[in-house]
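A.B. asks: Residue-level listing of the chains:
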Amino acid sequence: MVIGLALIEVRGVSYSYPDSPSPCLIDVSFSAEEGEFILVTGPSGCGKTTFCKCLNGLIPNSYGGSFTGDVLIDGIPTTSSPIHEIARRAGLVFQNPENELFCTSVEREVAFGPENLALPREEIRRRVSEALSTVGISHLMHKSPEELSGGEQQKVAIAALLAMKPKVLVLDEPTANLDPVSAKSVISVLSRLNASGVTIIIVEHRLEMLAEIASRCMILDCGRIALDGSPREVLYSDLAERIGVGIPKAIVVAKRLGRGLPGDRPLSSRELASALRRGEAA
Amino acid sequence: MIVVRDVSYAYEPGRQVLDSVSLSIGDGELVALIGENGAGKTTLVKHFNGLLKPQRGTVTVDGTDTREATVATLARKVGLVFQNPDHQLFAETVEKELSFALANFGVPAGEASRRVEWALEAFELGEYRNRSPLTLSGGERKRLALASVLCYDPQIIVMDEPTTGQDSRQKSRLASLLTRLNDSGKTVITVTHDMEFVAEFIPRTIIMSRGKVLADGRSADLLVNRAYLESASLLPPQLAEISWELGLAEPSIDLEAVVNAVRGARR
Amino acid sequence: MKTLQGFGYRRGTSAVHRLDPRSKMIYVLLFAALAVYFANLLVLLLIFASSLPLVALGKVSDRWSRSIRGSLFFIVFIFTFNFIAMIFMSYPLLDAALSGISMSLRFITLISVFSAFFLTTSPEDLAQSMVQLRVPYDYALTFNMAMRFVPTLSREAQIIIDAQRSRGLELEKGSLIQRVKNYVPILIPLIISSFRRAELVADAMESRAFGASKKRCPLYVLTLRGGDYAFIAVTVVSFLLILSLRFVLGVP
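Note that the protein sequences, when read in sequence, are chains L, S and F. With numbering that gives the first Met the number 0, the residue at position 139 of the first sequence is 138, and numbering never jumps. With numbering that gives the first Met the number 0, the residue at position 196 of the second sequence is 195, and numbering never jumps. With numbering that gives the first Met the number 0, the residue at position 117 of the third sequence is 116, and numbering never jumps.
Rather than coming from a laboratory, the hints here were simulated on the basis of the structure. Please note that the accuracy of each hint is not assured.
What the hints assert, rightly or not - Below, computed lysine-lysine pairings styled on DSS-like, alpha-carbon distance capped at 25 Å:
#1 S:Lys76 <-> F:Lys172
#2 F:Lys172 <-> S:Lys95
#3 F:Lys213 <-> S:Lys45
#4 F:Lys213 <-> S:Lys95
#5 S:Lys52 <-> F:Lys213
Unchecked claim - Here are some chain F residues pointing at chain L (derived, C-beta under 8 Å):
#6 Asp94
#7 Ala156
#8 Arg196
#9 Asp202
None of these values were measured; they are calculated from a predicted model. Where is the CB? At the ideal position from N, CA and C, for every residue including glycine.
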């Protein structure tokens, strides 16, 4: 068996912003394989956003500051490569679509990335329509982002990154400004993308919407990785409760009912219901 | 006491945002105004302090018709905290930021500095007194924006999406602040689409949808009502969903009630 | 705020929208020059009138009129200033008044001409036309961004005004100096927010490989078509006719 590099390798990364004495990330190490769906969460100020920016090269290349350690995206080190090299492999979606979308039509917005890559026109056209249809918003192609709802805008942002055919999509609280229904809609797009092979790393507070979909969960606290494992392990741990993340209510109820041992860790109301029914039958 | 009678409002002809809305909020109530984006929630609360005047119908605050009062007069009674603190913060120091509203309302100097001291302490901003608001973190700025409105002691407090971007600890702190304010007699209205927050902390809910009031009553009753929630394009709070999934006879948004119901059902 | 609305592009399919930005640029440059050159009231009215068919055909009269109304404050200011200055310099009352009116008219005309342009030209097309005119892409993009964010700024300014009024700020209160100071709590958050936004947009652009290649390949390339040539011809002819009034009629 050939052991190659994981898709993402983060080794011993510590980082402080230029005008801040205290470090934002402390000795962070983790690796991600292709196809994973990683949920990242943690209390405010724990370094989640900084972490995301390290994954697409914005840190350290755009932000300066003091950066130690290595980040390799698809084998390419972020410290010695220009952002545009990294960005085409790791697409980053931000919180507020109003500051992410800067063109006057969805088509142009999605074309911006491929245009930057100087791809031939036919290829650009193809990528634009592919990206739009993958995300399910082909009908919005000629609309202006201003006319769209928050959820639709985020989907445009996602399509705009997909048009660059990245291997991994990193999302920093993409549903923060969305109402719950739009949030769910965006998350189901991500789930479909992951099923088709795109690696997803998403920072979120709304854990209940992602607990079942994610293949892995990481909790950051005070700049360090406090927990990293399967959602069942992490979300049921006492440490997660102590750190103070938004544990899905189904888990809270399950724990109160005495559940939580390995093998008996429902992540959603559906799973909780089946667990209880099985319990009764036994 | 806020009374909204048959209010309609449109930003542009053809874009009706409020359609014959009627409701009343009594003194000392703690109310959540929920609905999907575009339902008209923010438009409605802007009528409470006179930023918007109804095109049809009336809004009265403590007996005063809002069409006959200036925003400054109404703002004295109704404190509106906007969603993004960066839309408010401008002063050189935190202390000056807190005294802004007090100066605008002509509060005498002695009283004003007392209130500023109170706000610095109550919101744990004392150590930042002489710092620029820009140097504070996101969460601290949000606290400062809230503090600068509560500083001048309005009787009615309206908060627009106070929980966006807050983690669970910050939300609990916010909730206990709201409860403290409410206990001391203030009327508190939160506009939000954070169903979990409403379910856990706010006793009365008004559901708005497409410019109308869909339902108005106890959170415990409304938030487990599938018909209302679907009609307003809202997702149910997690405990409501759990109650339905587990087939509980009495769906509830209260953790203890759900746990006991399950335990009870198994006996 | 209303003035800003007269410059925010909205998607449209009118004939004016479809004209190449370069043709429209020729119109703007020539007629803005005329407006600055002439002081005669009738000629200025004529120049002003030239923008009206564009506004009407472009179906942007709504937002155009808002910008005109919004600049009322400036118009009054310009008139007053000119009037007083002329009186000071001992010109007769009538002359002072006419001078004031003609200055104001010049101002409205310029606003109208530029407004007609910006309302019907998408920032991307404008940037693309600049690139095709050999302006370096970075500058064209800067222009693009500035235009694109005008409506955003306008919206944000309104929110900030609402937020500060909710804290008791009364914009219309007090002496002239006080009224100017009243705008400090509006301008500072707006400026800071713009800086913050600039950072965020820069991040977003870098995340889409901005700067990856020196040679960008744009999705759409602008070409001048029949309608453009016709428009340019009409514009140039009108320009020459109006210009000739200077010599033929000795009109200042």
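A.B. asks: Hint by hint, note whether the structure agrees.
C.D. replies: Each hint tested on the structure:
Proposed proximity of Lys76 (chain S) and Lys172 (chain F) is supported: the alpha carbons are some 20 Å apart, at most 25 Å. At most 25 Å may separate the alpha-carbon atoms for a hinted pair to count; Lys172 (chain F) and Lys95 (chain S) meet this at roughly 20 Å. The straight-line distance between the Cα atoms of Lys213 (chain F) and Lys45 (chain S) is roughly 49 Å, outside the 25 Å bound, and the hint therefore fails. Annotation: proposed proximity of Lys213 (chain F) to Lys95 (chain S) is violated, straight-line Cα distance about 49 Å (limit 25 Å).
Taken as a hint, the Lys52 (chain S) and Lys213 (chain F) pair is broken in the structure, with Cα atoms around 54 Å apart against an allowance of 25 Å. For the restraint placing Asp94 (chain F) at the interface with chain L, the shortest Cβ-Cβ distance is roughly 47 Å, beyond the 8 Å limit, so the hint is violated. Using the Cβ-Cβ criterion of 8 Å, the hint placing Ala156 (chain F) at the interface with chain L is not satisfied: the shortest such distance is roughly 15 Å. Interface restraint check for Arg196 (chain F): the shortest CB-CB distance to chain L comes to about 5 Å, inside 8 Å, so the restraint holds.
A least Cβ separation of about 6 Å between Asp202 (chain F) and chain L falls short of the 8 Å threshold, and the interface hint therefore holds.
The structure shown violates the earlier hints numbered 3, 4, 5, 6 and 7.
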